[in-house]
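Enquirer: Position chain X relative to chain W; hints supplied.
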Amino acid sequence: MPQETDVTIPVADLDHPPKPPVFGERQRFMLLLIAPAVAALIFFQIVPILTGANASFRDWSLHDPKLTWVGLKHYIYVLTDPGFIWVVMPNTIFFMVVSVAASLVLGLGLALILNQKFPGRGLLQTIILLPLMVAPVVAAIMIRWMFNDQFGIVNVVFEAIGLPPQPWLAQRWSAFSVILLADIWLWTPWFALLLLAGLQSLPKEPFEAAAIDGATRWRVFRYLTLPMLRSVMVVCIVIRSIDAFRTFDIVWTISAGGPARSTELFSIYAYIEAFQSMNFARGSAAAMIGAAVIVVLAMIIFRVLNRWVEVSK
Amino acid sequence: MTAASSTELSLPPVRKGFWAMLAPGGGKMLFALAAIAIAFLFAFPVLWLFLTSIRPESGVYYVHRGTEFTWHNYLEVIQQENIYKAFWNSFAISTLATILSLGVTVTSGYMLSRFKGPIPDTWFSLIYVLRCIPYISWVLPLFFVTRQWGIFDTYWGLLLPHVAVHICFFSWIMKGFFDGIDPSMEYAALIDGCSRWGAFFRVAMPAALPGMTALAILCWLYTWNEFLFALLLTSHKTPILTVVMAQFVHELGMEWHLMSSTAILALIPALIVTIFGQKYVIRGLRV
Numbered sequence: 001m002p003q004e005t006d007v008t009i010p011v012a013d014l015d016h017p018p019k020p021p022v023f024g025e026r027q028r029f030m031l032l033l034i035a036p037a038v039a040a041l042i043f044f045q046i047v048p049i050l051t052g053a054n055a056s057f058r059d060w061s062l063h064d065p066k067l068t069w070v071g072l073k074h075y076i077y078v079l080t081d082p083g084f085i086w087v088v089m090p091n092t093i094f095f096m097v098v099s100v101a102a103s104l105v106l107g108l109g110l111a112l113i114l115n116q117k118f119p120g121r122g123l124l125q126t127i128i129l130l131p132l133m134v135a136p137v138v139a140a141i142m143i144r145w146m147f148n149d150q151f152g153i154v155n156v157v158f159e160a161i162g163l164p165p166q167p168w169l170a171q172r173w174s175a176f177s178v179i180l181l182a183d184i185w186l187w188t189p190w191f192a193l194l195l196l197a198g199l200q201s202l203p204k205e206p207f208e209a210a211a212i213d214g215a216t217r218w219r220v221f222r223y224l225t226l227p228m229l230r231s232v233m234v235v236c237i238v239i240r241s242i243d244a245f246r247t248f249d250i251v252w253t254i255s256a257g258g259p260a261r262s263t264e265l266f267s268i269y270a271y272i273e274a275f276q277s278m279n280f281a282r283g284s285a286a287a288m289i290g291a292a293v294i295v296v297l298a299m300i301i302f303r304v305l306n307r308w309v310e311v312s313k
Numbered sequence: 001m002t003a004a005s006s007t008e009l010s011l012p013p014v015r016k017g018f019w020a021m022l023a024p025g026g027g028k029m030l031f032a033l034a035a036i037a038i039a040f041l042f043a044f045p046v047l048w049l050f051l052t053s054i055r056p057e058s059g060v061y062y063v064h065r066g067t068e069f070t071w072h073n074y075l076e077v078i079q080q081e082n083i084y085k086a087f088w089n090s091f092a093i094s095t096l097a098t099i100l101s102l103g104v105t106v107t108s109g110y111m112l113s114r115f116k117g118p119i120p121d122t123w124f125s126l127i128y129v130l131r132c133i134p135y136i137s138w139v140l141p142l143f144f145v146t147r148q149w150g151i152f153d154t155y156w157g158l159l160l161p162h163v164a165v166h167i168c169f170f171s172w173i174m175k176g177f178f179d180g181i182d183p184s185m186e187y188a189a190l191i192d193g194c195s196r197w198g199a200f201f202r203v204a205m206p207a208a209l210p211g212m213t214a215l216a217i218l219c220w221l222y223t224w225n226e227f228l229f230a231l232l233l234t235s236h237k238t239p240i241l242t243v244v245m246a247q248f249v250h251e252l253g254m255e256w257h258l259m260s261s262t263a264i265l266a267l268i269p270a271l272i273v274t275i276f277g278q279k280y281v282i283r284g285l286r287v
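Residue numbers (our numbering), protein chains in the order written: chain W, 1 to 313; chain X, 1 to 287.
So here's chain W without its partners, still in its complex pose (with noise of 0.2 Å):
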């Protein structure tokens, strides 16, 4: 039997590990590396929501604030208010489905083209990533104009092949066609930039074996491509689906909600109450349930996608 040795042996006490500081060095360098993001994120984005989410509470009319507390009296109101729940919710989910699916699947499209070798591909790239290069507002404006009833090219090229011009912007579904085609245009290549980047990145040899396999195109795509781009896919539809849901501006401009409020978005509901119907509190209101609903949303869109792609792993 070896000698037990009197050296003692320095043994990690599992039991009780020492505990971390709460405050040591490690913690001061985490929080001064993320303090000047801290400073500007308290003074220009929490303080000015705590200011809306304060107004939401009070009697605030913008012609008369009397900024009395009054509870949850907005909150009641916009939640009891028909028009809300029936067309400004529902519009915005679908708006929110349609844009991200329909961007998504064309930006993947526009990805595998631009993945490829041809001649002219940096001229095709150039333009495709046109959409990302003109201010949004004066693309909506541009799109307002090319389907304007009277002078807009597309009824003048409706009427050249035989149909009937339409009135796009005066009933409720074409609007909201327009609306979202041109999102979609809007879109469509910041989903290709990024998933060509994704694409870009994938390891060569599954490809090679494939080929050499003879695998056909399409299942290469469905059991090669898709499976190792889905990361890039998740994060790209979490982020724009939190984006889509709070649209605003090429809304605003193409419609401005109407005809009639039926295509209105939360955003532009919230707009509308607060500036045209001047009750900043209603539209805090309205906003900050828009707020918890996306909230609640995108963390179930996250999970239900996350899970999605660990089972496929």
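Just so you know, the hints here were simulated from the structure itself, not pulled from any lab data.
A portion of the hints provided could be inaccurate.
[What the hints assert, rightly or not] Lysine-lysine pairs mimicking DSSO-like chemistry, simulated, CA-CA at most 30 Å apart:
| hint | chain 1 | residue 1 | chain 2 | residue 2 |
| --- | --- | --- | --- | --- |
| 1 | W | Lys204 | X | Lys279 |
| 2 | X | Lys28 | W | Lys117 |
| 3 | W | Lys204 | X | Lys237 |
| 4 | W | Lys117 | X | Lys279 |
| 5 | X | Lys85 | X | Lys237 |
| 6 | X | Lys279 | X | Lys28 |
Expert: Only chain X this time, still in chain W's reference frame:
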């Protein structure tokens, strides 16, 4: 033997189904046609904008008819002092906002990527929730807040909110960049006696440069084209290009010709940035 197998591998793939029905070269033709159609669809609104901008004022309502073209709109636009100011302001704001946003978020993204524990968790949840809050619910109060602080209609009053907007998204993306960089080099630097800041500035940041370049280009383009903040947070003292453009087309007067020529002028810097920058964007966003 090896030669034989390599010739076997380089055989053209067997064409099946739809592609086999086309004449030889038909697939290529179809592809080229599709590419041209896509390019046309994406370029059309911009093309239309350009066409409108070179029509005389009387011709803008019937852009598709008539053959009079003129550069007069551009001359008229560049004689306006306001446009010069707006160009300069937009350029300065975009550039400064890009530098500040990146400077603030690179450290924040690094922190999110390299550390675990309650502080990063709290920070991540905070920026995630703030990212979800619609612009509308804080741009409106922001108007009152910047007035109260006396920075309404100044560079700071527009710059700092822009930086605040970018913090959430950029921190998230920066975290992704740093996640893709092996931290062992930083540990080596720390062991060799580098301070934490030294490891960050000398080792981690250079490795994240391609990603930061990509974000810088996207950030610049975004700020250059941003409208809502510029509309609400600035006034006559600090004209911003997008607002000036939108003001050409309002209820009182539809100056389509001036709006479109300004928009085309505003497109030029963005086009230059994109043409030279797209390569870096695609390279930098590879996570």
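Enquirer: List, from low to high, the hint numbers that the structure doesn't satisfy.
Expert: 3
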